[in-house]
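A.B. asks: So the protein lines, in turn, are chains A and B.
Per my numbering, residue 1 is the first one in the first sequence, and the count goes up by one each step.
Per my numbering, residue 1 is the first one in the second sequence, and the count goes up by one each step.
No lab work stands behind these hints: they were computed from the structure.
Among the hints, erroneous ones may be present.
Per the computed footprint, the stretches of chain A lying under chain B, defined by three or more beta-carbons under 8 Å from a beta-carbon of chain B, are [what the hints assert, rightly or not]:
#1 36 to 45
#2 60 to 69
#3 96 to 110
SDA-like cross-link-like pairs, simulated, lysine to any residue; straight-line CA separation at most 25 Å [what the hints assert, rightly or not]:
#4 A:Lys-1 / B:Pro-14
#5 A:Lys-42 / B:Ser-20
#6 A:Lys-104 / B:Gly-41
#7 A:Lys-104 / B:Pro-18
#8 A:Lys-104 / B:Gln-45
#9 A:Lys-42 / B:Val-12
#10 A:Lys-1 / B:Ile-56
#11 A:Lys-42 / B:Ala-66
#12 B:Lys-80 / B:Trp-7
#13 A:Lys-68 / B:Ser-97
#14 A:Lys-42 / B:Gly-41
#15 A:Lys-42 / A:Thr-58
#16 A:Lys-42 / B:Gly-54
#17 A:Lys-104 / B:Lys-80
#18 A:Lys-1 / B:Asn-63
#19 A:Lys-42 / B:Gln-55
#20 A:Lys-104 / B:Pro-14
#21 A:Lys-42 / A:Ala-9
#22 A:Lys-1 / B:Gly-41
#23 B:Lys-79 / B:Pro-18
#24 A:Lys-104 / B:Glu-59
#25 A:Lys-42 / B:Arg-42
#26 A:Lys-42 / B:Trp-7
#27 A:Lys-42 / B:Leu-83
#28 A:Lys-104 / B:Thr-10
#29 A:Lys-42 / B:Glu-22
#30 A:Lys-42 / B:Pro-14
#31 A:Lys-1 / B:Gln-62
#32 A:Lys-42 / B:Ser-77
#33 A:Lys-68 / B:Gln-13
#34 A:Lys-68 / B:Val-111
#35 B:Lys-79 / B:Gly-27
#36 A:Lys-1 / B:Glu-100
#37 A:Lys-104 / B:Thr-99
#38 B:Lys-79 / B:Val-111
Beta carbons: idealized from backbone N, C-alpha and C, even for Gly.
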Amino acid sequence: KQEVTQIPAALSVPEGENLVLNCSFTDSAIYNLQWFRQDPGKGLTSLLLIQSSQREQTSGRLNASLDKSSGRSTLYIAASQPGDSATYLCAADNQAGTALIFGKGTTLSVSS
Amino acid sequence: SQTIHQWPATLVQPVGSPLSLECTVEGTSNPNLYWYRQAAGRGLQLLFYSVGIGQISSEVPQNLSASRPQDRQFILSSKKLLLSDSGFYLCAWSVESNTEAFFGQGTRLTVV
Chain A
1 KQEVTQIPAA LSVPEGENLV LNCSFTDSAI YNLQWFRQDP GKGLTSLLLI QSSQREQTSG
61 RLNASLDKSS GRSTLYIAAS QPGDSATYLC AADNQAGTAL IFGKGTTLSV SS
Chain B
1 SQTIHQWPAT LVQPVGSPLS LECTVEGTSN PNLYWYRQAA GRGLQLLFYS VGIGQISSEV
61 PQNLSASRPQ DRQFILSSKK LLLSDSGFYL CAWSVESNTE AFFGQGTRLT VV
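Build the full structure now, drawing on both the sequences and the hints.
C.D. replies: Right under this line is the structure:
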């Protein structure tokens, strides 16, 4: 059974700092790993999708990496801004490959 | 472009009352559809997924049911709500299994 863990649960940084969010998963036989952003009381916004054959994906100031063999993914945010404050969720496929299993998220607060 | 709609945005219902939450997707055909629940302090939990009309799979036993009467319509229901059904319900879609998932804005359900 796929399980996803995210560390840390919360993170506070000053504006401009580079930061890394961590995600680990127990079943390395995944098809995809997806990172989402969730603002308070809102739905999820897809940030990056990494396919199992890929090692990383980049979008603007965001870079996500995937190491299937160790069951880890990281989300790197460069030059953080107050607008980046949100909860970041990592999700990996379930064993059947039919849906996503989520971690509990990392709540990021960027102060100006 | 594809869009996903969920309604209502918020709902307060008494214990024992019925429930019907609706989700529709526009701009795509035969999507995979999902219902997730996000309870306070917990991660997103997959409730149901559907790969086609009338095809529903349940991930966890519960007081809820799902139906897919049309290709792009997914409904979450209950005959009698429990206090434990309170939470944030999110609908999602993907082109097919193991592809990027996109989420709606969610329904905040409070059972009183």
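A.B. asks: Could you run down the list of hints and mark each one as holding or not?
C.D. replies: Tested hints:
1. With 6 residues having a beta carbon nearer than 8 Å to a beta carbon of chain B, the region 36 to 45 of chain A meets the requirement of three or more and the stated coverage holds.
2. By the rule of at least three residues with a Cβ nearer than 8 Å to a Cβ of chain B, the coverage given for the region 60 to 69 of chain A is violated, with 0 such residues.
3. Counting residues of the region 96 to 110 of chain A whose CB lies closer than 8 Å to any CB of chain B gives 9, which reaches the minimum of 3, so the coverage claim holds.
4. Distance hint between A:Lys-1 and B:Pro-14 is unfulfilled; the C-alpha atoms sit about 35 Å from each other, more than 25 Å.
5. Only pairs whose Cα atoms come within 25 Å are accepted, and A:Lys-42 paired with B:Ser-20 is accepted, the gap being roughly 20 Å.
6. A threshold of 25 Å between alpha carbons decides the hint, and for A:Lys-104 with B:Gly-41 the separation of about 8 Å falls inside it, so the pair holds.
7. Taking the CA atoms of A:Lys-104 and B:Pro-18, the gap is about 29 Å. The hint is violated against a cut of 25 Å.
8. A distance of roughly 10 Å separates the Cα atoms of A:Lys-104 and B:Gln-45; the hinted pair therefore holds under the 25 Å criterion.
9. Restraint check for A:Lys-42 and B:Val-12: satisfied, since their Cα atoms lie roughly 17 Å apart, inside the 25 Å limit.
10. Pair hint A:Lys-1 plus B:Ile-56 holds up; C-alpha atoms about 20 Å apart against a cutoff of 25 Å.
11. Only pairs whose Cα atoms come within 25 Å are accepted, and A:Lys-42 paired with B:Ala-66 is accepted, the gap being roughly 22 Å.
12. Pair hint B:Lys-80 plus B:Trp-7 holds up; C-alpha atoms about 19 Å apart against a cutoff of 25 Å.
13. Among the hinted pairs, A:Lys-68 with B:Ser-97 is consistent with the structure: their alpha-carbon atoms are about 19 Å apart, no more than 25 Å.
14. Distance check on the hinted pair: A:Lys-42 and B:Gly-41 sit about 16 Å apart at the alpha-carbon level, within 25 Å; holds.
15. Distance restraint check for A:Lys-42 and A:Thr-58: the Cα-Cα separation of roughly 24 Å lies within the 25 Å cut-off, and the hinted pair is therefore satisfied.
16. About 29 Å separates the Cα atoms of A:Lys-42 and B:Gly-54, which puts this hinted pair outside 25 Å; it is violated.
17. Using a Cα cut-off of 25 Å, the hinted pair A:Lys-104 and B:Lys-80 is violated, with the two alpha carbons roughly 28 Å apart.
18. Taking the CA atoms of A:Lys-1 and B:Asn-63, the gap is about 23 Å. The hint holds against a cut of 25 Å.
19. Restraint check: the Cα-Cα separation between A:Lys-42 and B:Gln-55 comes to about 28 Å, which exceeds 25 Å; the hinted pair is violated.
20. Between the alpha carbons of A:Lys-104 and B:Pro-14 the distance comes to roughly 28 Å, so the proposed pair goes past 25 Å and is violated.
21. Our distance criterion of 25 Å between C-alpha atoms is met by A:Lys-42 and A:Ala-9, whose separation comes to about 19 Å.
22. Distance restraint check for A:Lys-1 and B:Gly-41: the Cα-Cα separation of roughly 21 Å lies within the 25 Å cut-off, and the hinted pair is therefore satisfied.
23. A hinted pair counts as satisfied when its Cα atoms are at most 25 Å apart, and B:Lys-79 with B:Pro-18 qualifies at roughly 5 Å.
24. For a cut-off of 25 Å, the pair hint linking A:Lys-104 to B:Glu-59 stands: about 18 Å separates their Cα positions.
25. Proximity of A:Lys-42 to B:Arg-42 is assessed by CA-CA distance (about 16 Å); at most 25 Å being required, the pair is judged to hold.
26. A threshold of 25 Å between alpha carbons decides the hint, and for A:Lys-42 with B:Trp-7 the separation of about 13 Å falls inside it, so the pair holds.
27. Straight-line distance between C-alpha atoms of A:Lys-42 and B:Leu-83 comes to about 22 Å, which keeps the hinted pair within the 25 Å bound.
28. Straight-line distance between C-alpha atoms of A:Lys-104 and B:Thr-10 comes to about 22 Å, which keeps the hinted pair within the 25 Å bound.
29. Distance check on the hinted pair: A:Lys-42 and B:Glu-22 sit about 17 Å apart at the alpha-carbon level, within 25 Å; holds.
30. For the proposed pair A:Lys-42 and B:Pro-14, the alpha carbon gap of about 24 Å is at most 25 Å, so the pair holds.
31. This hinted pair checks out: A:Lys-1 and B:Gln-62 have alpha carbons roughly 19 Å apart, not beyond 25 Å.
32. For a cut-off of 25 Å, the pair hint linking A:Lys-42 to B:Ser-77 stands: about 21 Å separates their Cα positions.
33. Restraint check for A:Lys-68 and B:Gln-13: not satisfied, since their Cα atoms lie roughly 44 Å apart, outside the 25 Å limit.
34. Under the criterion of a C-alpha separation no larger than 25 Å, the hint pairing A:Lys-68 with B:Val-111 is inconsistent with the structure, at around 41 Å.
35. The straight-line distance between the Cα atoms of B:Lys-79 and B:Gly-27 is roughly 31 Å, outside the 25 Å bound, and the hint therefore fails.
36. Distance hint between A:Lys-1 and B:Glu-100 is fulfilled; the C-alpha atoms sit about 21 Å from each other, no more than 25 Å.
37. Of the pairs offered as hints, the one joining A:Lys-104 and B:Thr-99 holds, with about 21 Å between alpha carbons and a cut-off of 25 Å not exceeded.
38. A hinted pair counts as satisfied when its Cα atoms are at most 25 Å apart, and B:Lys-79 with B:Val-111 qualifies at roughly 13 Å.
When the structure is compared with the earlier hints, violations turn up for hints 2, 4, 7, 16, 17, 19, 20, 33, 34 and 35 and for no others.
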